[in-house]
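**Q** The residues making up each chain are set out below.
Protein chains: 2
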Amino acid sequence: MRQFNRVTIIGVGLIGGSIGLAIKKNGLAKEVVGIFRHRRTLKNALRRKAIDKGFMNIRDGVRNADLVVLATSVSSIVRIGLEAMKYAKMGAVLTDVGSTKNCIVEKLEKAARSYSVNFVGSHPMAGSERASVEFARKDLLEGSPCIVTKTAGTNKPALKKIMNFWKSLGGYVKVMTPCQHDRSVALISHLPHIVAFSLAGAIPERELIYAAEGFKDTTRVASSDPDLWADIFLTNKKEAIKACRMFENSYNGIVKALAKSDRRGIVKALGRAKAKRDKFNYGKKTPGQKIAFGSGSRP
Amino acid sequence: MRQFNRVTIIGVGLIGGSIGLAIKKNGLAKEVVGIFRHRRTLKNALRRKAIDKGFMNIRDGVRNADLVVLATSVSSIVRIGLEAMKYAKMGAVLTDVGSTKNCIVEKLEKAARSYSVNFVGSHPMAGSERASVEFARKDLLEGSPCIVTKTAGTNKPALKKIMNFWKSLGGYVKVMTPCQHDRSVALISHLPHIVAFSLAGAIPERELIYAAEGFKDTTRVASSDPDLWADIFLTNKKEAIKACRMFENSYNGIVKALAKSDRRGIVKALGRAKAKRDKFNYGKKTPGQKIAFGSGSRP
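Which chain is which? The protein sequence lines are A and B, in order.
Take the first sequence: its position 89, counted from the start at 1, is 89 in this note's numbering, and no numbers get skipped.
Take the second sequence: its position 127, counted from the start at 1, is 127 in this note's numbering, and no numbers get skipped.
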């Protein structure tokens, strides 16, 4: 079902490329346009059929777009969003895919009003430690949580449009305020990254040859891009550090019990952790996920 | 190629069951016998064809075995190993699959001499957070590191036999002292488990509905059995706590840089971690693994 004539994606990497592929798979737009910094990426995106047409500048690329998706790194979304608004047609809707929301939404919602366009913040929580369009997949968003932000200033029809858009791509849409979003992702995304980077950083290189599946999974996200994640942590510093304090409490409890050879204390702490982890069965495309996510009572 | 007439596996869970399936797949023994505590597990193991015959007591099960594999939980290996030695035939070789080695090897190597049998410590580093024979797989050990211990008192022909055995099941065998083993696994296995349990324990349950692949992988091993892991940590307490201190250094470096908004410091720390994680490409059955593990220069 077509929802848009032209969708423009700025930044066609793993997420932007997967969005392009999914739009085309689902026939949501007559045309998908990509905007690039490098010709090589433009060629790759065309070859992967993630876009129909590519531009090397924002002005030409956003012209006549009904929907503009800002899919660049979190540190450049505001700057690029502001530039895109200048050239976007009146009434166009812009959204983003940034991993933090407070800072982005505050600035872009306000700016949108002065350009007679609308901005709605989004965070499709899908991805991988591999970042380029080469790894884009038309089903990347299917079964993934997708958070859409709502503030006192959010335009209601635009919010609806963006919610429908992500739903059509297979995401499980959840609406929350930018603050709620940033607190949640600090815990369930930023903290695991900090911990995984710390863990990979702690192991002497010579020991890696003995590492097996446990180490591999626990540190997988430590293969992610350092610049990208530094910016994510920094744009969500307050909540990320609060999440770290919660981790430290949990970690210190286990290590102190171990130091005291308090077997009961260790088993209790591990048991609490296991009980929580066992409830998390959001495997992609499992019916459990749909039900659990849909029925979540949290805002 | 047959290496044994009778192999007896005590404790036919995920690892013991996978060993049974792999022995049968590779035709390494005329007969695989299992020893059980519960009739239900015996039936499951027979149904899975992980064993040819099952017994509910050690005496009958180890009789005439050329090889006895102690595949119970780490806390019971010494006790069960001592009992098995009483009934094992002269010259039989015993090995284990325990995740810590110092304590087990010291006691069982010494006891073996007085029973005229041989003991060689092993640690096939394969596994999963799912512990029963239901999840056993004939290829579980293929491509996995398998550490075999050597001390001043280790019987050389028995060591050779055990090394060949694990190689035949597809493991990448590495010989080291029990101390070296315990130090290595503290870093690449016990520490990741402590961190994963701590992380799962830290996240408020209501946030779990937003969790995606990053959280899922980073905490996968927190679904492991708390009693089993409490015993592993406790039997390797000194090295596990040393590993924790190394983790804390790495973690504090990142969190302090974040608190100071020191972007360069964060990127540098994440970059170091990523470089190490990227080198770890021990994906199962990738040629990289074989080469990398085989060419490891460390003892």
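Calculated from the structure, these hints are not laboratory results.
Do not rely on the hints blindly, as some may be mistaken.
One copy or two, it doesn't matter: identical chains are merged, so the pair holds either way.
Claimed, not checked - Quick list of in silico lysine-lysine cross-link-like pairs, DSSO-like style, CA-CA up to 27 Å:
1. Lys256 / Lys216
2. Lys216 / Lys167
3. Lys279 / Lys30
4. Lys43 / Lys107
5. Lys167 / Lys89
6. Lys268 / Lys43
7. Lys167 / Lys107
8. Lys242 / Lys156
9. Lys279 / Lys43
10. Lys256 / Lys242
11. Lys268 / Lys216
12. Lys49 / Lys150
13. Lys216 / Lys279
14. Lys150 / Lys167
15. Lys24 / Lys156
As the structure is a computational prediction, the values presented were derived from the model and not from experiment.
**Q** One pair to classify: Lys49 and Lys150, alpha carbons no more than 27 Å apart. Within, between, both, or neither?
**A** For Lys49 and Lys150, the Cα distance exceeds 27 Å both inside one copy (33 Å) and across copies (57 Å).
**Q** Should Lys43 paired with Lys107 be assigned to within, between, both, or neither, using CA atoms and 27 Å as the limit?
**A** neither (32 Å within a copy, 64 Å between copies)
**Q** Checking Lys242 and Lys156: alpha-carbon separation at most 27 Å within a copy, between copies, both or neither?
**A** This pair counts as neither: shortest intra-copy Cα distance 32 Å, inter-copy 55 Å.
**Q** Within a copy, between copies, both or neither: where do Lys268 and Lys43 come within 27 Å Cα-Cα?
**A** neither (55 Å within a copy, 32 Å between copies)
**Q** Could you figure out if Lys24 and Lys156 sit no more than 27 Å apart (CA to CA) within one copy, between two copies, both or neither?
**A** within (26 Å within a copy, 65 Å between copies)
**Q** Using 27 Å as the alpha-carbon threshold, which applies to Lys256 and Lys242: within, between, both, or neither?
**A** both (21 Å within a copy, 13 Å between copies)
**Q** Indicate which option fits the pair Lys268, Lys216 if close means a Cα-Cα distance not exceeding 27 Å: within, between, both or neither.
**A** Cα proximity of Lys268 and Lys216: in one copy and across copies (26 Å, 21 Å).
**Q** First find the shortest C-alpha distance between Lys216 and Lys167 inside one copy, then the shortest across copies, and answer within, between, both or neither for a cut-off of 27 Å.
**A** between (32 Å within a copy, 22 Å between copies)
**Q** From the Cα coordinates, with 27 Å as the cut-off, is the pair Lys279 and Lys43 best called within, between, both, or neither?
**A** This pair counts as neither: shortest intra-copy Cα distance 43 Å, inter-copy 29 Å.
**Q** If the cut is 27 Å between Cα atoms, do Lys150 and Lys167 qualify within a copy, between copies, both or neither?
**A** Within one copy, since 16 Å is at most 27 Å while 58 Å is not.
**Q** At most 27 Å between CA atoms: does that hold for Lys167 and Lys107 within a copy, between copies, both, or neither?
**A** So Lys167 and Lys107 pass the 27 Å test inside one copy only (25 Å; across, 61 Å).
**Q** I want to check one pair: Lys167 and Lys89. Are their C-alpha atoms no more than 27 Å apart within a copy, between two copies, both, or neither?
**A** Answer is within: at 24 Å inside a copy they meet the 27 Å cutoff, but 67 Å across does not.
This entry does not satisfy hints 3, 4, 6, 8, 9 and 12, going by the numbered hints stated previously.
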